[in-house]
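K.L.:
Construct the complete structure from the given sequences, taking the supplied hints into account.
Counting in numbering that gives the first Met the number 0, the sequence shown runs from 0 upward without gaps.
Heads up, a few of these hints could be off.
Pairwise CB distance ranges (calculated) [claimed, not checked]:
id, residue 1, residue 2, range
1, I121, L86, 16 to 22 Å
2, N136, Q74, 32 to 38 Å
3, G92, D42, 40 to 46 Å
Since the hints were made in silico from the structure, they are not lab data.
Glycine is no exception: its CB is placed at the ideal position from the N, C-alpha and C atoms.
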Amino acid sequence: MMFSRQVERLQVRQTLLYLSPLSGLFLPLQSLYGTLPKPSGADWVWFLMLIPLLEETVFRGLIQQSLTRKLAINQGALVANLSASLLFAWLHGFHQGPVGWLVFFPSLILGQVWQHTRSILICTGLHATMNLCFWLNLALLGNQIH
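P.N.:
Rendered as structure tokens:
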């Protein structure tokens with residue numbers, strides 16, 4: 000058990016090291032597309048796979064995991080999930096306006112999944128599926144969410 004935690008910690012650090020340069024691409028891409036990306040071509044790979052992987056690594060693998068460990072009280076996991084989800088929603092709301100705050104509830108679900116599985120990949124897959132459903136609805140509605 001201890002060995003698997005050490006391997007997981009090492010994998011998270013290596014993943015962050017490799018993905019951190021990609022995070023700098025988000026703001027220029029967002030300014031090109033406005034507040035919500037339009038799903039097309041290579042954007043699908045970026046917004047459906049790389050961003051969820053980066054966000055889940057940061058918010059579940061680092062923030063929620065660190066808070067869970069530091070809060071040694073019985074409700075540590077709940078407080079960690081709420082804190083990570085509030086930060087996640089605040090950052091989305093900051094860039095996307097009031098619609099961005101709606102990610103709070105899916106973030107709570109992803110936090111709960113991470114708490115039970117401790118798998119960044121499962122959370123990333125669910126996050127990507129949620130993004131896919133959102134952008135398919137956006138495409139069908141003709142960007143009428145604003």
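K.L.:
Do G92 and D42 keep their Cβ atoms within the hinted range of 40 to 46 Å?
P.N.:
violated, 22 Å
K.L.:
May I ask you to test the hint 32 to 38 Å on the CB atoms belonging to N136 and Q74?
P.N.:
holds, 35 Å
K.L.:
Assuming the hint says 16 to 22 Å, is it satisfied by the Cβ distance from I121 to L86 or not?
P.N.:
Given range 16 to 22 Å: holds, Cβ gap about 21 Å.
When the structure is compared with the earlier hints, a violation turns up for hint 3 alone.
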